[in-house]
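Engineer: Residue numbers (the numbering used here), protein chains in the order written: chain U, 1 to 302; chain R, 1 to 302.
If you're looking for bench data, these hints aren't it; they were derived computationally from the structure.
One or more of the hints may lead you astray.
The list treats identical chains as one, so a pair stands whether inside a single copy or across any two.
[Claimed, not checked] Using 20 Å as the maximum straight-line C-alpha spacing, the simulated SDA-like pairs for lysine to any residue come out as follows: (1) Lys106 x Leu66; (2) Lys253 x Arg39; (3) Lys253 x Asp35; (4) Lys247 x Ala116; (5) Lys243 x Ala24; (6) Lys247 x Asp35.
There are 2 protein chains.
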Amino acid sequence: MAEAAIMPDLLGAALRRIAADVDAGFDAMLPMPQDARARLVEAMRYATIGGGKRLRPLLLTATAELYGVGRELAVRASLAIEAIHVYSLIHDDLPCMDDDAMRHGKPTVHLAFDEATAVLAGDALHAFAFEVLSDPATIGDPFTRAELVFALGTASGMNGMAGGQMMDIVAEGQTFDLQTVTRLQQLKTGALLGAAVEMGAILGRLSPEGRGHLRGYARDIGLAFQIADDLLDHEGDEAVAGKALRKDDAQGKQTFVSLLGPERARAQAEMLVEQAINHLGQHGEEADLLRALARYILERDH
Amino acid sequence: MAEAAIMPDLLGAALRRIAADVDAGFDAMLPMPQDARARLVEAMRYATIGGGKRLRPLLLTATAELYGVGRELAVRASLAIEAIHVYSLIHDDLPCMDDDAMRHGKPTVHLAFDEATAVLAGDALHAFAFEVLSDPATIGDPFTRAELVFALGTASGMNGMAGGQMMDIVAEGQTFDLQTVTRLQQLKTGALLGAAVEMGAILGRLSPEGRGHLRGYARDIGLAFQIADDLLDHEGDEAVAGKALRKDDAQGKQTFVSLLGPERARAQAEMLVEQAINHLGQHGEEADLLRALARYILERDH
């Protein structure tokens, strides 16, 4: 991998570890049924196993680790948020949405299978997320279960990810200002990145009042992440990204890059990363992984 | 309404009451946002308000009432299961799935809006269901919240509704036997009808062991419901049904009617309805609504 050379060892090892754990988790939780549902589960496995940066699972497990949460429990909860992320990619890639052919360097689900299977695989992964979180076998304490479901549900619905995606579709025909684009991105990607950190804090039994600095961290890296995405779309390498780029420009869509220009956009993202790291001031070296992750968000090439 | 004449007063009044309560509930819970998400929420409201028989909400609230659960709480929980049902209809109607033009006597969401909005509105209603159930403002007790989410999540995912829909798609090209069609229907519609009764029992704080008779009732009416649906598709009136019929025959799909013939299918459904009512033997007249509902499932004309 190209990023191995520039990535600090701590982060590189953590990314490899969470990727392996998430792959193993989906493999165990999505066994192939011996009936006509096989095609559905095959598509769910195709989409969830062996691809993606696993940023949300890493955010969740790294936050949970700050508070001594067991690895197995944190990984299990991180399957739920990754399932939501993956379902949104499957539906986003559909012909009626972004009509994308490649994702994580392989054909998108509706091309590898068919559109109906892609819609259903997304829906089934969506339900899977809430099944995992509400399963007494995952988490014994019912309060924690209910709190996790609420955090993930609100972040993914009309007041979160799905709402942001609608704004993104409407944006194609309109001229949005910086404030509206910021709001759009906070919903579309920021809400779920924020939920990853929030869920780690919930597992760590941190009170809502005690989560302020983590929410600040999540908000800042969420916005930096999107600016980095816009920069990548503008100047990245399609072969490294594993998906089509230069789509924002082609669609005439307002982005941080189109509104600020690439240089100011990069400076803004750098400022946000520093600000995110400052939010972690109360933590010692146990938060080094979250700090490295904040820097990686801007440095990544895919 | 055509059914008003043949419907016992108890059931007719209950159907009108739950329809009004569910409409009012969605109206209150889905306020129009003052930003570009307006189109999404408009589509969610279009699909949820003012249509459908509200069978699942009625099952949930009627079961909860057996155990003295407050009406407001039961209606709130029933919005969640109805949201799941409605999202599944929106996605089912998509061109890549059943490609239906009419639903509840009006154009389907992807025709009234567009396909991308239909996908997103379905996804947002899916998340809405779990938001409602896990919201401390809905239900104080976290154990009840978590149990409701688990019941609805398992009933709607790969081991429930979504799995059944996949089997249904695969069924078009294959010859299924009666056992496989039964399994398919138990997943596709039976699981969610069962969850409605289960969620009512959960709200009533009935132990899992005490729910046996209710599960038997739900299983039998679930199967009777699907046989009635097949009969309706085979011999119903499109104008009354508010949707296209005769589709199973056209697609050469195996149904209870094609496998058993209409007469044996009807006899089987009648037997199931009687069996469902027998499961309620331990209850007095407080279960009359559930009994009337079981009979209605076979007598309905849409």
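Engineer: Name the hints, by number, that the structure is in violation of.
Structural biologist: The structure breaks hints 1, 5, 6; every other hint is satisfied.
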